[in-house]
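> According to full-length UniProt numbering, the sequence shown is numbered sequentially starting from 1.
Simulated from the structure, these hints should not be mistaken for laboratory data.
Keep in mind it's a predicted model, so treat the numbers as computed, not measured.
It cannot be assumed that every hint is accurate.
[Unchecked claim] In silico DSBU-like pairs for lysine-lysine, Cα to Cα no more than 30 Å straight-line:
| id | residue 1 | residue 2 |
| --- | --- | --- |
| 1 | 63 | 32 |
| 2 | 32 | 81 |
| 3 | 143 | 63 |
| 4 | 63 | 81 |
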Amino acid sequence: MGRATTPIDDNPLLLERQVCFALAVANRSVLKIYRRVLDPLGLTHPQYLVMLALWEHEHLSVKAIGSLLQLDSATLSPLLKRLEANRFIERRRRDDDERSVDILLTASGRALREQALDVPGQVVAALNVDLDDLVELHTVLTKVNAAALQADLA
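Whole structure, please, built from the sequences with the hints as guidance.
Have a look at this one:
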């Protein structure tokens, strides 16, 4: 007895049509490039994201970094410990609130920014995708992230 098959055009479960699959594969592929580019700087991709936030703001609370990067404290704490061990950041308890910890760049952390200036260009070159397409992708992904956050809150 043969199994009935759904014509390709009518099949909503085709793997190649799944947004989640495309996002997961693209994520792995792009992070592999970032890993190669960031390795000489001694950074992982999540550590790079923390450093990007600090290079933009100079110092932030742990809570603010978690909020910006959408990371919980269990994920963020080991990243900060490693960055501190590598002397890129320092933690400082706030005088006005002992429970709150600020993260500040060290001189080494600020100097690392100069080396990291080439990272975006190296990633774009390795991807070999038109810059306009990457800008459009960023715009679409930002909308998708916002919609997913809203759906999660509903």
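> All hints, please: hold or fail.
For each hint, the structure was consulted:
1. The suggested pairing of residue 63 with residue 32 holds, with an alpha-carbon distance near 28 Å, which does not exceed 30 Å.
2. A threshold of 30 Å between alpha carbons decides the hint, and for residue 32 with residue 81 the separation of about 23 Å falls inside it, so the pair holds.
3. As the CA atoms of residue 143 and residue 63 are separated by approximately 24 Å, the hinted pair is consistent with the 30 Å bound.
4. Note on residue 63 and residue 81: the hinted pairing holds, with a Cα-Cα distance of about 15 Å set against a maximum of 30 Å.
Violated hints are absent here; each numbered hint is respected by the structure.
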